[in-house]
Each structure stands twice: as C-alpha cells, then as structure tokens.
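Protein chains: 4
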Amino acid sequence: MKTLNVGIVGAGRIGNVHAQSITYHIPQARVVRVTDVNAQAAQALAARYGIPAWGTDYMEIVRDPQVDAVLVCSPTPTHAQIAIEAMRAGKHVFCEKPVDLTLAKIRETARVAQETGMKLQVGFNRRFDHNHGRVQRLAAEGALGAVELVKITSRDPEPPSPEYAASSGGLFLDMMIHDFDMAMFLAGCDVTEVYALGASLVDPRIGQAGDVDTAIVTLTFENGALGVIDNSRRAAYGYDQRVEVFGSLGMAAGENDGDTTVRVFTAQGVASDKPKYFFLERYMDSFVEEMRQFVRAVLEGGEVPVGIHAGLMSVVLAKAAKQSLDERRPVRVSEVLEGEA
Amino acid sequence: MKTLNVGIVGAGRIGNVHAQSITYHIPQARVVRVTDVNAQAAQALAARYGIPAWGTDYMEIVRDPQVDAVLVCSPTPTHAQIAIEAMRAGKHVFCEKPVDLTLAKIRETARVAQETGMKLQVGFNRRFDHNHGRVQRLAAEGALGAVELVKITSRDPEPPSPEYAASSGGLFLDMMIHDFDMAMFLAGCDVTEVYALGASLVDPRIGQAGDVDTAIVTLTFENGALGVIDNSRRAAYGYDQRVEVFGSLGMAAGENDGDTTVRVFTAQGVASDKPKYFFLERYMDSFVEEMRQFVRAVLEGGEVPVGIHAGLMSVVLAKAAKQSLDERRPVRVSEVLEGEA
Amino acid sequence: MKTLNVGIVGAGRIGNVHAQSITYHIPQARVVRVTDVNAQAAQALAARYGIPAWGTDYMEIVRDPQVDAVLVCSPTPTHAQIAIEAMRAGKHVFCEKPVDLTLAKIRETARVAQETGMKLQVGFNRRFDHNHGRVQRLAAEGALGAVELVKITSRDPEPPSPEYAASSGGLFLDMMIHDFDMAMFLAGCDVTEVYALGASLVDPRIGQAGDVDTAIVTLTFENGALGVIDNSRRAAYGYDQRVEVFGSLGMAAGENDGDTTVRVFTAQGVASDKPKYFFLERYMDSFVEEMRQFVRAVLEGGEVPVGIHAGLMSVVLAKAAKQSLDERRPVRVSEVLEGEA
Amino acid sequence: MKTLNVGIVGAGRIGNVHAQSITYHIPQARVVRVTDVNAQAAQALAARYGIPAWGTDYMEIVRDPQVDAVLVCSPTPTHAQIAIEAMRAGKHVFCEKPVDLTLAKIRETARVAQETGMKLQVGFNRRFDHNHGRVQRLAAEGALGAVELVKITSRDPEPPSPEYAASSGGLFLDMMIHDFDMAMFLAGCDVTEVYALGASLVDPRIGQAGDVDTAIVTLTFENGALGVIDNSRRAAYGYDQRVEVFGSLGMAAGENDGDTTVRVFTAQGVASDKPKYFFLERYMDSFVEEMRQFVRAVLEGGEVPVGIHAGLMSVVLAKAAKQSLDERRPVRVSEVLEGEA
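Chains as they are written, first to last, in my numbering: chain A, 615 to 955; chain B, 615 to 955; chain C, 615 to 955; chain D, 615 to 955.
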C-alpha cells in the first residue's frame, strides 16, 4: 500500500505530538518535511524523529511535490491561510483548532476545500478519547434512547498566565471550544441557543484582563435536548475531564483516568489515584487515533471524521457564549451566524 | 430526661414516615395524637404505631395541653395556617416543605414564629443525607477551599401523572425545590440570580399541561460561586441523586447508593447495582435524622437545623426559575422578593 | 395473624441485638421475658425494650407457657443444654453460634430437635448480609456457572485481649467459624479437606497463649471446587468483610460497605470512606433478617434457613483447621467427624 | 550518549514485543540483528522494525562484535545455553523466563554471569506493571507497616490446548511462575514453604494429561508473612490480574484495568468494562519498562532490576508446588533446593 507523505507546519508542542504519532504508531504515513519560523525548533523536531528535510518557510512544504498532506500546527492566526494555500496546491490538510477566530476565514477555508476536493480535517482530538468516544457511540447507537441531557466537566490543572489568558481569545475560544465540539458530538446535532455564566474566581488578574476563569454554559440542541458545560482554569486535583449523556433509556458517564487502579486502605482512609494531570498524558492516545483516521481517510477515501462544519460551529458557540456573558442574556446561535459576514 | 409529646397533622405517606422515625428511633419523643381529614387514615396510623389518640380535626392537636410539638404533614395549602395556629397555642412546629406557595404566607409564618418564640423547622430532609451532608461539611469546614462551583443532579425514577404535575405547582416548586435548598446548603449562602432552561421530553402531556419535565437551572451565589442543577422526571435506571462541590482546594462528590457493593463479572461485562429506586429507600435515614435534630433542638434548646429562611428562599428560587423559563432571561432573586408582597 | 412470643436467655450484646430487632422491626413477634445470670443486665434489657418480665434463671423462660420460642444468647458452654431443655419443653429455638465446642453436644442437640420436631435455627447472621447474600444467590442460581473458587477475606478492626483470645477457643472457633459457614453457604456444599497456615503477627501475647492471629486456610469442597479464607485479628482500616465466588461463567465479588459514597479530590489524592468499623454497624441488617426468617419459619411452617447441620459442620471445620495447623498437614473432615464420638 | 546495540534470539511473539519496545520507545537502544530457526519469522521481524541483519543461527549474534546485549527469546530449553554462550562472548543478557526447567542449568547460568561480570536480567515483566509496581513500592516504603498477608489472583481468559498444557511444564511452571515471582517481589523476601491445592475443573483433557487448570497455593515467607495465590486457566470475563498486600498499617490492592472508565446505567443495571482480555494489552507498558531498565543498567551501570536469584527461586517454588500437589503435603523450599543437584 502507498505510504502517505506528510509535511508539518509548526514545530511546537502539537507539531511534535503529531510527528511522534506518525513516526511510532502509523506505519502507513511518514513525515518528510517540517517547517517553523523558528529554525531551531524545526531542526530539533526533524532530528528527533529522523525527518529528512526542514526549513523556516511553510511554502517549502506547500510546493514540495512529494508531500501529500499538510498538518497545520502553526499559531491560530495563520491556520486558515496555510490550509487554503496547501489545498490550492493539491494537498490534503489536517488543521489544528480553532481554524480561525473569524467566521469569514473559516467559511473561506470551507469553500476552498469544496472547490479543490481536498480532505480537510479539524483537530478536535477529544472525540477520539476512549472514554468520551465510548459514551458517544452508546448515544449514537441508541443504547441510551432519545438524548435528553448532555453534561461536560472540563477543568484544567493550572491556570495559564494572565498574559496568555488575555491573548488567547479568552476561556470560551481557548478552552471551552473543545467542550462545545464535544457537546455537539455527544448530542449528535448542532446547538441553537447558548447562555453563559462566568466569573473570575481563580486569578483576579484574569478578571482584570477582561476574561473569566470559571464558567457554566447551558445549551439547547436542535433535537430538543439540553446541555451544560462547566469549566475551571484550575482544579487542585488535576485535569478533570468527564462527560455524561442522559437519555430516555439510561445514562452513560465516564470517570477520569488515573495512573493506576490501586487503592490504599489505612487508618486515615482509603486513597486512590488523582486524575492524570497533564493533557498529553490524558489524551495522547486520542492524538494518535485522530491522525490514524486522517491518514486512512486520505489513503482509502471516505469522509474525514471531523470536518470543517465542526470547526465553524465550535467557534460560533464560543462567540455566542462570550456575547451571552457580556449581555447577560441567552443568545441564539443564528444571531452569531447571521451577524458576522 | 423529659419526653417530647408530639402530635401529627396528616396521616399520609410523610406523616407515617415521621411516626415511624419517632416510634422506633427516637426514644426522647413519642407521638400522642394524630389527625387527618380522612378518619380511616388517622386511625390506621394510630394503630400501626400504638398512638393513643386520633381524630379528624387538627385543632384537637392544637388544643391538646400535653402536646409539645406539632408535625405539619397535611397538604401544602394548609401548612402555614396550621403552623401558625399551633405556634400561637404554644407548640413548637415541624413543617413539611414547601411551607406555602405564596411568599406572603411564608412571611406571616415567620413572623408568628418570631413573635411566639416557638421553634419552627422546615422539612428539607436531604440536608441530613449521609452523602450530601458529608459533602456539605467538607465545604463548610474549608477542606475544599473557597467554593467555586456547586452541581446537583436530581432525577426521579418515574414521572408523576400529568394531572399531578399540573396541580403540584410544576417541576420547580414540586421537585427542584429540594435542589434549590440543597444548593444554598452546599454553597453556604443564598442565591442572587437564576436562569432556567426547560423542556417537556419525558411525557408530552406534561408539556401540554404547561409544565416541563426536564430542566437545567444555573445559579449565581452571593459569595460569587456558580451553580447548576439538572432535573428529569424519569431516569430509567432509578432515583439519581448526586451532588458535587468544587473549590479552590479540591472537590467532593457523592455517588448514588445501591443495595449492595457486589459486582458480577461475566463474558457480557461487569454489572453492578442500580441506584436505590424509591425515595423512602434512599432517604429514610435522613428523615430519621431531621426529626432527631428537631426533637433535640426543642428539648435541649438551640437553633433548629433548617429554619424558615430556607423555607422562604427555596420557594423564591422556584418562582424565579419559573419566571426565567417563561421570560427566557436570567431573573434576579430580588425581583421575586420585592415583586410579591 | 398470631404473634410469636419470644423469651431471650442472655442479656449481653447479642441478646440486646435480637431484642432490638424484634421490638422495632418484626411486628409478628414480641419479647415477653428475658433472663440473665446477671440480674442487672436482664432488668436493663427489659426496661430498654419494654419487656414485661425478667429474671435470672433461664428455666423461668423454659417453663413459661406463653413463650413460643427461645433465643439462646448465653455463653457458649450453656448453649446446647438450654436449647435441649427448651425444645423438650415444646419451645422452638434460635441458638447463637457455636452451638457447642464438642461434637457430642451438637449431635445431641440435633437429636433432640429431630425427636421433638421443634424448629432449631443457628445464628449465622452473615448469610443474611446484603452483599454476601447476593453473591450466594448468583452462585446458587447458576449465573456464575459451575463454582470453581470461593474466596473469603475477614479481618477484624482490633484484636481481642490476649485473655479473651486464649479462652475463646482460638481464632478458628471464635472468628473463622463464620467464614467456614460462609464458605459452605457460597459453595452450596460441604468441605472435605482443610489445610491451615497460621501465625502470630499482630500481638505476640496471642502467640504465647497458643493461638494465632493471622491465618490462611484452604478448603476442598465436595463438588470439587477449591476455597481459601484469610483472617487477621487487626485491620488498621476497619472491619474487612469480602467474599468472591468464581465459576465457569464468571465471578461475583462484594466490596466492603462504607458510610458514604463521597470521594474527596485534592492535591493530596482522592480519598473515600473506610469500611464500616464495627460489626454491629456492618451486620445489623443481617441480624434483623435472620430473626425475621426464624419468626416466619415458626409462624408459617417450613424449614429454618440455617439448620443444625451448619452448626455442626462449622465447628468440625474449625477443629480440622486447628489440627492441620498443629500437625502441619492437610486434614480430612472425615477424620474429625469420625474421631470425636 | 552511546546507543546500545541489541541482538534478539527468537522472532516469536515475545521477540516481537521487545523489538517493538526498543524501536519505538527506547531511543538509547537499537536492534541490529535478529535470528530464529524459522528464517521466515526472523526476516519478517527484521522487516517490520527495520532491523539491518537477520539469520537462523543465534551464533551470528553471539559472534557479532557490534552486539552489546542479547535478548534470549527462544524456547525455554535453549535459554540457558544461549545466555551462557552470549555472556562468555562478552555480551550482556536479557533472558526470558523461565531461565530453565532444571535448577542445575539455572545455577550454571548464574555462575557464568558471576565469572564474566556480564549483566543478566530475567524477564519477569509484571514487576514493572503500573498497578503491581505501585503496591510493591507502598509495601517496600513501609506505608503498609510490616507485611502480613500477600494475595495474588491470576486467571487467564482462555485455557491453552491440552497439548500445550502438557508440554509446557504444567500450570505451576508455565503460569503460576509469574505469581511466585510477584509474591516474593511484594513480600520483599523469599518463600520457605509451599502448599498446593489443584484440580482440573476447566478442561478434563488437561487433567487427563496430568496437569491441573485451577489451583490455590499458600506460601510462608522468610519474614513470617503468609501468602496465597489462586490461578485459573479460564476466566469468562477476561484476564484477571490483581494483587493485594496487607500489613500492620493497612492494605494496598489493585483492581484490573479496563478499556474505559465509562459506566452505562439502564433499567437492566449498571454496566462497566471487563478487564483487558489479552496479556499484551494488559502488560504492554510493563514490557517496555523492563527493557528500558535493562538498557539503562547496561549503559549506566548498576544492578539489573530482576536478577538470576529471581529466576532460580520462581522455578524452585513451581517445583515445590508440584511436589506438594503430588504428595498432598506442605513442602519446604529447602527440600527442593537441596534435592536437586
């Protein structure tokens, strides 16, 4: 079978994750070129995974005739442009989320994908998590009956620096965007209305920078189900990642993963493992699996598992949540979809 | 030590529960008289627990000089009137919730309690549940740090008849009222704002009767914490009762109770017990404990554990939630408090 | 329906337990007389549960024509004699375990039961535990296939005084006797061979008194299944009571009971409840249930749930285990059965 | 840092496991040559992991001057000979277990290791399991106090063919050998006496071939602690691997690993994941970790984590168990150690 030749734009943390997945876990693909505006980062990644070519200009990848697919792992503001140029050059694209912070750019990217016929997958890796994926399959197969409630808890172990929090687009676009996508994935349909409650309880400097660090957002789904997401930027006990779907026939709920199943019984009580602390530890398998499915979709044909619609709607919900928080009222998704050109 | 002589008004299900608690578990008290407009019910309860006197008019209890305390277990519309007459006659009162569906009556009841100096406890039994109580104590003791998020899941095993649902005051006053009280109990303070999302997903006749059977309500607490409650009138797997408090130092969360701890491992999977199905099975111990603490407060002096403020605020939140659902906007608690005379 | 009139011989801890069960939980029975060689104890028990008559001579119960059934809760050496006299006087008997420390006395008790036709139940309350009972039913119903392995863990929270340990007959007769009965209950048949490993690891004075405080005993069952019991006189974390049955189709295993289902997540780890510490706390429901079934068997006819065969075989296994430990070899149950007259 | 050049003798399942560990997870080592008497197997393994040289004669590895260390993954009867020749040729050795079925050969292997000063590690991978390793560390650090009881449950998902069972040396040498090593690892010392109970309950043909498929073995440790292992060749629910250490200060116990943490609540009950079914799935991480530590011990110096003493004692216990079963009596380890030259 043909091997897929992949180029990686961006040699930061997520670029390294994908390089590792392909090198060690996906024999059907290989990384042939990596670029980063930081030459040292590109060179280091190339050395680490035995990648034959590296550079500082992503156009080296776009123009490389042996490259079949491009992984866009650069900073968010460059995603759409690189994805568009790659598709126009006949490359399939795997694009990290968010695709862009403006709906216009995301829509343009979608248009180019349609015009060129190139595959375009968005990097919502959590859909490929063993726990969340199991819950979704149970819901999709009807084992839970008609879906009525979707609940997601997502809490980071430590808050980002106030500077990062300010520049990242805020909690809804930077952190809860994963949960918006997960909510629609679990419910099996889009969201029609959003109401957001938020506060700065973790670090006052986050509040001073105009953002929140704690939030509860309720959702109304197209199919009539209701949903709720809670986020905190800091959970003292680690990375808290749980989902629950409740339907007419029952409920599926996932607990966190720990390092071991060991319980220690002493006079002081019974102690067990905290949730895995770091997102790479918790979600590494899901990063491998999303890449495996991207490679398969390109090599064997068929739909990518996470298309540009998910890329668009997750940003729309984040914007609706921000507007709801600002205006202290529920916001219809259509307001955002129609409000931005 | 003196024994407390108790009279019970109302020989329905909850009257029987309290008679059983006192007879079998609280040696410091005894039931000396029971009344019910249904003579047969009063007589049956008296026979079941060896109570010496029964009748059909609650004034027999109010006027009985040997009665020290009255348990008001009659239908909701009669609660306030009976409580007031009992207190004016010098009896301490344990009153089932809701105290009344109007704020005016609840306030009047509070006034009479203050004027007469009688004890007045409201029957929010879930505060005395082993699981919820443990979570609350951990929060109150500071083991979780500053409280930031409160989450409550409360789902009934089976929906009521549409007739009952219509006449009961609706989901917020009939069912979620427990969770409103629990939320304030767990957070350690009152709520300032409510937003309600609701739908009729379980039984369309409930929707036709103008009520919802599925709801998510978000809460803003006085101390800045955020909260969320989800309710469903029907959980296929039983009575789902869970609370979670998340704070700056950690989280406490309770699971449901099952009948056994047994797990069965077969080729088909691993099976364990469903949550206890019936509220009396799940909460019987809490009914005993609330009564034990009422008896102790009367005999030994000291505050009752659940006062009239809780009785008022739970009804206020239910009304705020209903208004929020009707007007599709967050409602401030002060609107309700100031809106009703 | 007729009410069963019960007399209790022995007003110690277990006599109080049964008096409480009957008074508060079994309306079909009432305690009409209690005796204890310690007059104060008898009087106190009578006062506590409103029992009309008390005394110091058990013959007052045996001769009381209104007594239908006698609960033998006196010290072990008196069990058989009292049971025999009661049955000869036409009373049904519930006898605490062990029935006697000699096989001869147990056999005589069995003979009298057969001759007189009186009901005779032995007090192996753990068979009525919610967890253990569930496991047994699964095994008996065939849900686990053919039973192949039976495992029992039974550890006390604190060791007895060395004096008690010495006088009680030793760990096998005093403590593991419950587990021997449980093993046969779970396997659904008798044991044919026993091998015992023991040590004094908890308290050297127990070893000096000739007993062990830690033991592992293996069992061969009549149906070919294998079993193992482990005992310790001291578990730092509380009263550890677990059973497991493994068969050709699967396994059923029970965990300990805790006070709550709450887990506390902090930077230090995840903490949950220890097993219930005290045997009355852990097994109170089973004491009620064994008495309820005894009362039912007497009033309605039918077999008692735990007959004298269980009383005999549990003592036989304890003796076989002691002999195995002393002689450092597996001991066949038939050696004990045939060895003692 | 220097890279360790490794040769692999034996291209079967376990040879592939180690090749995969080194290729994908241990950058400090690389496989430079593989041999197998089956040329096709050697070639396939070489191709799969990009190994430059392959052949059918293990002496090609022994004589290869660039090879630093040899992994002995061939059939058991050849282990000792290959290990000895490799060490004599100046290679460090990682040897799969059992090292040999005779004590003489194991002792000779140990002698050669001592004479040549080469590292010699034995492949007891389960010591590196996350759950078992955690329990062992807690015991070794004293968190459980003095160790008093060690319990191991180890059950395979499916029985081997009767032919394999007969030729493999039997359950004690083929299967329980892992548990014997684990028991000494957890207790922190050797075993002095063994008693074995066994039966053929799973497949009568295993019994006809002179072996057992179900066994319980008790152990006495040098430090006075007691232990018990139970094995079955077939657990309907998957691969059951649990250990428990009980000490004067408490207990540590590991549960099985499942694929997810998801629970499904329906009217039928609560369902969760079965234990992982296949040993590679369950223990893959431990295979990587044992190899990582072997590579580190060779490159950086220091003791290998599992030395030849473990290789010897595990076989001794297996032989003692077999003898105990045959002679129906406890067998002292010294009998075996002194009995075989």
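Hints were generated in silico from the structure; no laboratory data involved.
Hints may contain errors.
Where chains are identical, the list cannot tell them apart; a pair therefore holds if satisfied intra-copy or between any two copies.
Stated by the list, open to error - In silico DMTMM-like cross-links for lysine to aspartate or glutamate, where the CA-CA straight-line distance does not exceed 25 Å:
1) LYS719 x ASP804
2) LYS890 x GLU755
3) LYS616 x ASP817
4) LYS719 x ASP770
The hints, checked one at a time:
1. When the C-alpha separation of LYS719 and ASP804 is checked against a cutoff of 25 Å, the pair qualifies only within one copy, where the shortest distance is 20 Å, while the shortest distance between copies is 45 Å.
2. Taking the shortest Cα distances, LYS890 and GLU755 sit within 25 Å of each other only across copies (23 Å), while inside one copy they are farther apart (29 Å).
3. Within a single copy, LYS616 and ASP817 get their C-alpha atoms no closer than 51 Å, and across copies no closer than 47 Å, so neither meets the 25 Å cut-off.
4. Taking the shortest alpha-carbon separations for LYS719 and ASP770, neither the intra-copy value of 29 Å nor the inter-copy value of 46 Å comes in at or below 25 Å.
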